[in-house]
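**Student:** Once you've looked at the hints, dock chain B against the given chain A.
Protein chains in written order, with my numbering: chain A, 31 to 144; chain B, 130 to 243.
Treat each hint with caution, since some may be false.
[As the list claims (entries may be wrong)] Derived DEER-like restraints, expressed as beta-carbon distance ranges:
1. B:N147 - A:R107: 30 to 38 Å
2. A:K44 - B:N147: 30 to 38 Å
3. A:E132 - B:N136: 33 to 41 Å
4. A:D68 - B:S141: 16 to 24 Å
5. A:A82 - B:H242: 43 to 51 Å
6. A:T50 - B:T240: 18 to 26 Å
7. B:V209 - A:G83: 46 to 54 Å
8. B:Y151 - A:E89: 16 to 24 Å
[As the list claims (entries may be wrong)] Lysine to aspartate or glutamate pairs mimicking DMTMM-like chemistry, simulated, CA-CA at most 20 Å apart:
9. A:K39 - B:E134
10. B:K197 - B:E134
11. B:K170 - A:D86
12. B:K146 - B:D211
13. B:K185 - A:E132
14. A:K39 - B:E173
15. B:K170 - A:E60
16. B:K132 - A:D68
No lab work stands behind these hints, which were simulated from the structure alone. Using N, Cα and C, we set each Cβ at its ideal position, and we do this for glycine too.
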Amino acid sequence: NAGVTQTPKFQVLKTGQSMTLQCAQDMNHEYMSWYRQDPGMGLRLIHYSVGAGITDQGEVPNGYNVSRSTTEDFPLRLLSAAPSQTSVYFCASSEQGAGATEAFFGQGTRLTVV
Amino acid sequence: ELKVEQNPLFLSMQEGKNYTIYCNYSTTSDRLYWYRQDPGKSLESLFVLLSNGAVKQEGRLMASLDTKARLSTLHITAAVHDLSATYFCALDGAGGTSYGKLTFGQGTILTVHP
Numbered sequence: 031n032a033g034v035t036q037t038p039k040f041q042v043l044k045t046g047q048s049m050t051l052q053c054a055q056d057m058n059h060e061y062m063s064w065y066r067q068d069p070g071m072g073l074r075l076i077h078y079s080v081g082a083g084i085t086d087q088g089e090v091p092n093g094y095n096v097s098r099s100t101t102e103d104f105p106l107r108l109l110s111a112a113p114s115q116t117s118v119y120f121c122a123s124s125e126q127g128a129g130a131t132e133a134f135f136g137q138g139t140r141l142t143v144v
Numbered sequence: 130e131l132k133v134e135q136n137p138l139f140l141s142m143q144e145g146k147n148y149t150i151y152c153n154y155s156t157t158s159d160r161l162y163w164y165r166q167d168p169g170k171s172l173e174s175l176f177v178l179l180s181n182g183a184v185k186q187e188g189r190l191m192a193s194l195d196t197k198a199r200l201s202t203l204h205i206t207a208a209v210h211d212l213s214a215t216y217f218c219a220l221d222g223a224g225g226t227s228y229g230k231l232t233f234g235q236g237t238i239l240t241v242h243p
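Just chain A, with the same shape it has in the complex (with noise of 0.2 Å):
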């Protein structure tokens, strides 16, 4: 059972570029979410999903797309990247409903914008 995958791990882009952070998880879970994390900040939710074909903006959103066509997949997109979005980058899935439901976290991809 794989969990969260992440793919890749590490990336460096260049100002301007545009790439797709990659998300899939096998648990069949309806929520899933895109956080970045920064040096003394925690984690902070860019966008989110409660099934396919539904998403949310959340606290840090702007510079970034995302879609969720279907129930395992979650990409975050960087539309043109920029040094303000260097990061480390973690999707999270969890289920839908009542109860002791944790959050499942993914390996985290670390960006780095030159």
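**Tutor:** Just chain B, lined up with the frame of chain A:
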């Protein structure tokens, strides 16, 4: 808007000592998580707390939740070096409904010295 504040942000402990990390939050929430993160790694789920008065223990770590005070604590008993890591609290379900969109505290960097 949900705000989550942890303190302390930095904690240097001697092995064998006890200490508590505090997590205060600003609005009602559906569930509270505690995570551990080692340097360069992803987040590892420690506890999920759902209801007022919930207490969970795993090894030298014990987490509790007081929803009336909007406070969770992570208590460390007889610290050992292996507990050195960054600890985050995070809340889902601001306003009472979980959507897999977590709001994180800033994190507490714990260092345990011999």
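**Student:** With 46 to 54 Å as the target window, see if B:V209 and A:G83 comply at their CB atoms.
**Tutor:** 47 Å, holds
**Student:** Given a hinted range of 18 to 26 Å, is it respected by the beta-carbon distance of A:T50 and B:T240?
**Tutor:** 37 Å, violated
**Student:** Can you confirm whether the C-alpha distance between B:K170 and A:E60 stays at or below 20 Å?
**Tutor:** 25 Å, violated
**Student:** Is 33 to 41 Å respected by the C-beta to C-beta distance linking A:E132 and B:N136?
**Tutor:** With Cβ atoms ~24 Å apart, the hint is violated.
**Student:** Tell me if the beta carbons of B:Y151 and A:E89 are separated by a distance inside 16 to 24 Å.
**Tutor:** With a Cβ separation near 22 Å, B:Y151 and A:E89 satisfy 16 to 24 Å, so the hint holds.
**Student:** Given the hinted pair A:K39 and B:E134, is their alpha-carbon gap at most 20 Å?
**Tutor:** 29 Å, violated
**Student:** Does 30 to 38 Å hold as the CB distance between A:K44 and B:N147, or does it fail?
**Tutor:** 50 Å, violated
**Student:** Has the hinted range 16 to 24 Å been met by the Cβ atoms of A:D68 and B:S141?
**Tutor:** Holds, at about 23 Å.
**Student:** Below or equal to 20 Å on CA atoms is what counts here, so check B:K170 against A:D86.
**Tutor:** Cα-Cα ~27 Å, so violated.
**Student:** For the pair supplied as a hint, B:K146 and B:D211, confirm whether the alpha-carbon distance does not exceed 20 Å.
**Tutor:** The given pair, whose Cα atoms are some 14 Å apart, holds under the 20 Å limit.
**Student:** Would you check the hint for B:K185 and A:E132, treating anything up to 20 Å between C-alpha atoms as holding?
**Tutor:** The given pair, whose Cα atoms are some 14 Å apart, holds under the 20 Å limit.
**Student:** Please work out if A:K39 and B:E173 have their alpha carbons no farther apart than 20 Å.
**Tutor:** Roughly 18 Å separates the two Cα atoms, so the pair holds.
Comparing the model with each earlier hint shows violations of hints 1, 2, 3, 6, 9, 11 and 15; every other hint is respected.
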